[in-house]
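Line by line, the protein sequences are chains U and E.
Heads up, the first sequence is in this note's numbering, so the first residue is 33 and it goes up one at a time.
Heads up, the second sequence is in this note's numbering, so the first residue is 33 and it goes up one at a time.
Fair warning: there could be bad hints in the mix.
Which copy is meant is left open, because identical chains are indistinguishable; a pair holds if it fits in one copy or across any two.
Derived lysine to any residue pairs resembling SDA-like cross-links, with alpha carbons at most 25 Å apart [said to hold, decoys possible]:
(1) Lys199 - Ile490
(2) Lys367 - Val207
(3) Lys414 - Trp64
(4) Lys367 - Leu418
(5) Lys199 - Arg472
(6) Lys347 - Ala419
(7) Lys414 - Leu107
(8) Lys199 - Met437
(9) Lys347 - Ala436
Since the hints were derived computationally from the structure, they do not count as laboratory data.
2 protein chains.
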Amino acid sequence: MNTATLEPVLRAALGERVRCDADSLAMYGRDWTRNFPVAPAAVVLPESTEEVVRLVQLARAHGFGIVPSGGRTGLSGGAVAPNGEVVLSLARMNKVLSFDPADRLVRCQAGLVTGELQAYAASQGLFYPVDFASSGSSCIGGNIATNAGGIKVIRYGLTRDWVAGLKVVTGAGEVLELNRGLVKNNTGYDFRHLFIGSEGTLGVIVEADIRLARTPPPQAVLVVGVPAFEDVLNVLAAFTGELDISAFEFFSELALQKVMARHGHARPFADPAAFYALIEVDEASSEQAMAVFERCVEQGWISDGVMSQSLTQAKTLWRLREDISESLSHETPFKNDISVRVGRIPQFLDEATRLIHRAYPEFEVVWFGHIGDGNLHLNILKPAALATDLFFERCGKVSLDLFAMIDRHGGSISAEHGVGMLKKPYLEYSRSAADIALMRGVKGLFDPDGVMNPGKLIDA
Amino acid sequence: MNTATLEPVLRAALGERVRCDADSLAMYGRDWTRNFPVAPAAVVLPESTEEVVRLVQLARAHGFGIVPSGGRTGLSGGAVAPNGEVVLSLARMNKVLSFDPADRLVRCQAGLVTGELQAYAASQGLFYPVDFASSGSSCIGGNIATNAGGIKVIRYGLTRDWVAGLKVVTGAGEVLELNRGLVKNNTGYDFRHLFIGSEGTLGVIVEADIRLARTPPPQAVLVVGVPAFEDVLNVLAAFTGELDISAFEFFSELALQKVMARHGHARPFADPAAFYALIEVDEASSEQAMAVFERCVEQGWISDGVMSQSLTQAKTLWRLREDISESLSHETPFKNDISVRVGRIPQFLDEATRLIHRAYPEFEVVWFGHIGDGNLHLNILKPAALATDLFFERCGKVSLDLFAMIDRHGGSISAEHGVGMLKKPYLEYSRSAADIALMRGVKGLFDPDGVMNPGKLIDA
Chain U
33 MNTATLEPVL RAALGERVRC DADSLAMYGR DWTRNFPVAP AAVVLPESTE EVVRLVQLAR
93 AHGFGIVPSG GRTGLSGGAV APNGEVVLSL ARMNKVLSFD PADRLVRCQA GLVTGELQAY
153 AASQGLFYPV DFASSGSSCI GGNIATNAGG IKVIRYGLTR DWVAGLKVVT GAGEVLELNR
213 GLVKNNTGYD FRHLFIGSEG TLGVIVEADI RLARTPPPQA VLVVGVPAFE DVLNVLAAFT
273 GELDISAFEF FSELALQKVM ARHGHARPFA DPAAFYALIE VDEASSEQAM AVFERCVEQG
333 WISDGVMSQS LTQAKTLWRL REDISESLSH ETPFKNDISV RVGRIPQFLD EATRLIHRAY
393 PEFEVVWFGH IGDGNLHLNI LKPAALATDL FFERCGKVSL DLFAMIDRHG GSISAEHGVG
453 MLKKPYLEYS RSAADIALMR GVKGLFDPDG VMNPGKLIDA
Chain E
33 MNTATLEPVL RAALGERVRC DADSLAMYGR DWTRNFPVAP AAVVLPESTE EVVRLVQLAR
93 AHGFGIVPSG GRTGLSGGAV APNGEVVLSL ARMNKVLSFD PADRLVRCQA GLVTGELQAY
153 AASQGLFYPV DFASSGSSCI GGNIATNAGG IKVIRYGLTR DWVAGLKVVT GAGEVLELNR
213 GLVKNNTGYD FRHLFIGSEG TLGVIVEADI RLARTPPPQA VLVVGVPAFE DVLNVLAAFT
273 GELDISAFEF FSELALQKVM ARHGHARPFA DPAAFYALIE VDEASSEQAM AVFERCVEQG
333 WISDGVMSQS LTQAKTLWRL REDISESLSH ETPFKNDISV RVGRIPQFLD EATRLIHRAY
393 PEFEVVWFGH IGDGNLHLNI LKPAALATDL FFERCGKVSL DLFAMIDRHG GSISAEHGVG
453 MLKKPYLEYS RSAADIALMR GVKGLFDPDG VMNPGKLIDA
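With the rest of the complex left out, here is chain U:
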C-alpha cells in the first residue's frame, strides 16, 4: 500500500502513534542489511498490547502488511519493509514490567534493549547470559523472534533457553499468553517455542517472561594461537573434557589483522598464528586451564598464548573477537552465518575453503565464529574496485554450492541470523519440502490473511 492511502486510516485508529515523514520511513524501514529496498508506507509506535491488536485488525481489514521492528540490528532483512508495509516498532514498549525474585523472572515488554535487560539483571544481583556484539541496541523481542545466540552459547544456550513465557498478538489479532513463566507445564503443544525464531511471521511478540541466572564468578580469558585448523577441535576437546568453559571462539589471522587495523588493538602475543582461539573460563579455574594449555602446547596444537590477569585485560582480549564484525562492515562483506555439528567442522572447513578459493581467488575471505557450538561466520570482502551489485551476484551464485555442501554435511544455512529475505530462496537446503509445506500451513493458521511480515522466511 502507499502512504497517502494508509495514513488517514492509521491516524484515525492510532493518532499520534503514526509517523509518515521521510526520515522515520527511512530509519524504521531497515535493519543492518544494506542490499534490500526500503519502502514502508508508515511507521506505528504502539504503547500497549491493545494498540498492537488494533493495528493487526486494521491490517486484516485493509490488507496491508506489518513488519515488526525492534533494534533493527538484524542481518537477514527480517525487519526490512521493502514494499509498502507498515513498520510496527516496539520502541515505546520498552519497559521492565515486574520482577519475581523467587523464580528469577523478569516480565518485560518486547522493545526492551538487550543491554538494558542485562543491566536490570545486574541491578537485582543476577545475570542475563545471552550476549553478542549488538546487545547495546538489539531488543529482547527481536532476540526472541530470531532465537539469538551469541558468544556464551556453549555454557548458557540460546535465547530460547531463557524465555519462560510470551505474550503475543497473532496475525489473527488474538492475544495469547504462552507458558505463563512456568518451569514445568505439560499442557499440549508449546507454542512459545513456535514463536521463538518465527521472525515475526506468525504474530507480534509484545511481552516476555525472561529467566535470569545466578551471577557467574569472575571470568578469565585465554587467547591462543593454533597453527593448524584441525587442531582447533583438539584444543576444544582438551578444554571441555576438563572444564566447564563459558566460550570457545575462533578467528583467523586475517580477521585479527582487520580488527587491529580498524580498532587499533594490540596483537595478543608476538608471533602470528594461522588461527586463534579465545577461551573463557571461571577465574577460579585459571590454574587448571593453564595446565590444559601446557598440554596443548606439548602436543603442538597451540603455538603461543596469553591469559588475562585482570577483568580489564579479559575485556581487552574479548575485543579482538567481538570487534571483528564491525571492523569488516565498511568493506561491504557478504556474510554467511552457517553451522554444522562440531565434529564435522574440520572436514567441512577443508571442503569449504577449497570451494571458496576456487570461486573467489581474488577476494579476501575472513573466517571467525563460535566454534564451540559449530557456528562459523564466513565473510567475503568486496574488492574496492568491484561494483556492489556484481559482487553480491557473484557471491550469491557461489552460495548455492556452499549451501549444497552444508546440506551434505547435515548443517544449517542460517545458524543464528535467521532467514528473513536473505536466506529465503535457499531454505530448501536446510528444510525438506514436506517441512516447508508444514511451515506454510502453520503460518496460515496463525496469520490467516498473511499480514505478518509478508515475504519473510517463507512465501505464503
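Take the given structure of chain U and dock chain E to it, following the hints.
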C-alpha cells in the same frame, strides 16, 4: 475397529510384527493408569521407520487410530488404547545408533529405555541428566512425547533441553528430520519443539539426537525438617542464593510415614517435622551447604537435618523421596501433578490445603514434589471402604475447584505428566480457547485424518 477386521490387513502389510493375542492386547494397551478402558484391536511392533510409515499409511487408508507406546509408565492415559486402536509399540526400536563425541550426541531409537541411555552415557564418560522414579522402564520416545521432567530439573532442565534432533513420522506418513542435532539452527519454525510434549498426537517419534552432559562431581544430599511450610521457600532461597544446587525436593510427614511403612526406610533424624526438604549439592560444596543450613536453623526455618557422608548414604536419603509414589500406588491414589511459579507456592498451597480439607475431610492427602521448580504432586488416597468409582467421581468434582484455583494463580494443571485422557476435559484451565483452537489446527496439519493417538490431549 475390531481385531477380526484389522488383523488380516495388518498381517498382510507387517507380517510377524503384528500381535493380536489377548495377553499382548492387555499388556500393550495400557499405561500406569488404571481407570481407563483397555481395548486395542491389535499391537504392532515395527523394527524400522519404514514399517512405521507403512502402519501410518494403513491407518489412513483403513481409518483406524494408532496409539504410540513406549515403556507404558505414563500417568495420564496418553498411551492407553481404549477403543479399538492399534498400539504401535517402539519396544523393538530400542537401540543406540551412533555416538558423536565432539558434540556429545547420542542418536538412538525412540524405544530405548531411559535407564539404558543413562548407562550408555556413563559408558562414554558422560551423563544423561533427566531422571525420575520410572527411568528403569520408561523410554526416551515417551520422555520426549511428554517432555519428562523429574528430580534434577532445577539444575538440568527438562527432556526438551537435551533433544538436539528428532526423526518423526507425521500423521500424514511423512518422515521429517528436525534440527539435525545442531546447537544453532535458525531456519524457520522449530517443529522439534512442537513434537516435544505432543503426546503422540502429531506423529510418531522414531529417533532422537540426545545431547549428553559432562559427568557431574559426586553429590551430597541434605535432608532437613521444616516445621512451617512457608519456610520451605526461605530455605530454597537461602540455598539457591549461594549455591548451584542439583535438586530441591519436598515431602510431608505423612509422605515420610508412608514410605517408611512400605519400604522399611529409617527416619532421617529423630524428631519429626511437618515438612521435609531434600537438597542435593556438589560434595565439594558440602561445607558451604552446612553453613547455609546453620543459618536456616538460626532463623528457625529448619528444625533438624542430616547430610550424607557417603554416596551410599546419599542414595539412601534419596529413597525417602523417590519411593513415595510407589509407596502410595497400592492405596489407589488420585494423583494431581500441578505447578505454579515458585513465588506463588505458599499462597497457593495455603488455599489448596483449605479447599482439600473442606472437600475431603476424611481422606488422607499426601503432598510431595519438586518444589525447586514449582511442581507439586498432590495425592489423595482412597479409604479402603470406599468404592473406586465413587472415589474417583468425588475427586473429579473437587478437581474443578482446584484447577480454577490453579488458573487464578497462573499455574498449570499438568506440570510433567501430560494431558492424555486424564486432563483433557480440564485443558481450558491452562490454555485459552484461542490457544486450544490453534492446537486443533496444528493437529489437523500434521495429522489430517486424525489417526494419531485419537482422543488424547484434544478432541479433533
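Evaluation of the provided hints:
1. Lys199 - Ile490: both (23 Å within a copy, 22 Å between copies)
2. Lys367 - Val207: neither (36 Å within a copy, 32 Å between copies)
3. Lys414 - Trp64: within (17 Å within a copy, 64 Å between copies)
4. Lys367 - Leu418: within (17 Å within a copy, 71 Å between copies)
5. Lys199 - Arg472: both (22 Å within a copy, 20 Å between copies)
6. Lys347 - Ala419: For lysine 347 and alanine 419, neither the intra-copy (37 Å) nor the inter-copy (69 Å) Cα distance is at most 25 Å.
7. Lys414 - Leu107: Classified as within: same-chain Cα gap 17 Å, cross-chain 60 Å, threshold 25 Å.
8. Lys199 - Met437: between (39 Å within a copy, 21 Å between copies)
9. Lys347 - Ala436: neither (38 Å within a copy, 51 Å between copies)
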